[in-house]
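Could you put together the complete structure from these sequences and hints?
Protein chains: 2
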Amino acid sequence: MVTLEDVARHAGVSLATASRVLNGSTRQVGASLRAKVEQAAQQLGYRTNVAAQTLARGASNVIGLVVHDLTDPYFAALADGAMRVAEDRGMMVMVATTHRDPEREIAYVATLNAQRVRAVLLSGSRIADPAVTRRLREELDRYRQTGGRVACVGQSLLGTDTVAPGNAEGAADLARALAGLGHRRFAVLAGPPWLLTAQDRVSGFAGALAELGLPAPQLVHGTFDRDGGYSAAAEVTDATCVFAVNDVMAVGALASFRERGIRVPEDVSVAGFDDIATLRDLVPALTTVRLPLPDMGARALEMALDETGESAEPRTERMAGRVVLRESTRPL
Amino acid sequence: MVTLEDVARHAGVSLATASRVLNGSTRQVGASLRAKVEQAAQQLGYRTNVAAQTLARGASNVIGLVVHDLTDPYFAALADGAMRVAEDRGMMVMVATTHRDPEREIAYVATLNAQRVRAVLLSGSRIADPAVTRRLREELDRYRQTGGRVACVGQSLLGTDTVAPGNAEGAADLARALAGLGHRRFAVLAGPPWLLTAQDRVSGFAGALAELGLPAPQLVHGTFDRDGGYSAAAEVTDATCVFAVNDVMAVGALASFRERGIRVPEDVSVAGFDDIATLRDLVPALTTVRLPLPDMGARALEMALDETGESAEPRTERMAGRVVLRESTRPL
DNA sequence: CTGTTAGCGCATTCAG
DNA sequence: CTGAATGCGCTAACAG
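Top line first, the protein sequences correspond to chains R and X. The opening residue of the first sequence carries number 1 in full-length UniProt numbering; numbering runs sequentially from there. The opening residue of the second sequence carries number 1 in full-length UniProt numbering; numbering runs sequentially from there.
You may find that some hints are simply not true.
Unchecked claim - Where chain X lies over chain R, by a calculated footprint (3+ residues, C-beta under 8 Å):
1. 91-105
2. 113-125
3. 187-198
4. 233-247
5. 252-266
6. 276-286
Bear in mind the hints are in silico, worked out from the structure with no lab data behind them. Glycine is no exception: its CB is placed at the ideal position from the N, C-alpha and C atoms.
Shown next, in the form of structure tokens:
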């Protein structure tokens, strides 16, 4: 293993000088020595030992990203946005997947703390469990007390900077647009009752219907994934329009209707939420609420890294969704 | 920042004892001291400084994963499989995305080397550029000379353990199945000429047709993504069956045909490759070659981490694909 | 079973 | 501008 010391010796300079030329120091080094060091490093195939550097500097160049599931395009898009920012700043990204297990989320925050990552990004919905939220928050506080920076994408109840998608507002806009198409009887494939993101979308949707004086939608709970949409769709009894609280669930719903010979949108309209890029070529094209997923991931990391937020109040930045009407919904 | 020394002092024991109970040592520690240390660590909110640990141990608990694009479900599935193995072994994963830039791939290997990751996983197709391949290989060799472990998913031309998908064989099987349906005139949406994965699939497909005495397919090159499939499909002139060399391209092709009023499979059959899970609900359901993506990612990491492969010859493990006939292709 | 001690590789004062 | 020396937090002999 080639060390800085090897390089220094090979170049006939001191350790300090080698360090200064090879790793971004503000200090200047004479051109001739600089050249010697660079050449020696090159010849020997020197690679900085980041662990040693981190230890000496007391700060790493790694950021931690906690997501539920990388194969869910929602998180992949968020991660992609965050990673672009990380790359721009020369940082590496450590990714942890919780598979929706809150315990694992807490454990990973502890692990990332141990890794002394520069910042932690928590993405994905919070859940309605005060005990879990409290423990997660404790772990985050511990991390922040020693200089760790945190940002979330989702609900802002962790006392951190957060990027908050306009779930309720977007769902309300969607409800109004759908009502504008003439629909009156709705069903909502509502996801798990304890998932705050799902809750927000359901309540935004239902709230808007209520304001319009329309009957309350039928609520069918289930998992937040494709299969959850598939199963829940089977229980819809009497609706002209079905709102699945995310696109992936809507895909499941479409499959369910198709298998049962129920045509979309002729027999029933279907809408989703998120506007997942991979699903844009679906037939029928999905009416949905577009969220700027990559931007959200990018912005969250920027907030976490942003120096000005040092000791200030946690900031919440709302990212509005925009209704996109497509072929899966039709006027009544 | 709470250090091991703080914990030791607080518990009234030596640094070594604290280290032994808190971090997986084989050495035993008496129950009473153990309890004291654990309590002290708990009270103080101690978190191991992994950088220091890595430096002292000379080995990290992180693995590096290099992919082209996380939002491509192919890589997301591979990453997911690899991350499951990593989690089982208590390792963290550092992810780097190259966005198909070979230079970045090389640079990331260097960076991951600097991080002293335990192993590097290279996923995604190699390209037909000897100069780039050589430089990547040099960088990998440098990493391996100091104990780094490497595995690839794709072509085995880097002298590393590799998981090789049965691209040619799968494509050949597909060609035979399609010919069995009565098709004679084929087109292949072939992706970029320099992408080896694309090449393998094209040649496997064309080879099988030749063996059957059928005319050579029309080859249309383009990018390896959705838009590549979309554009290439427009140039297909005279075929009853179109083979897109991956599912994501097939989605683009379906969109192209749909927009032009060409019905699939009534007017033309379409097949893909990979069997991406997120796309299983497509209409019409896509005929494709199923690759066990998560298993491939998992297996690759296992090979890299596997001790027995220490100094032996690089192993190549083939993962066969299985033809899945669905509705996007029909008998002629 | 427990404590003492010498590095791991690098950044960074502080002198020169 | 350059070099010598100190310490970052932890592990792993080694000694007791």
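_Which constraints among the numbered hints does this structure fail? Numbers only, ascending._
3, 4
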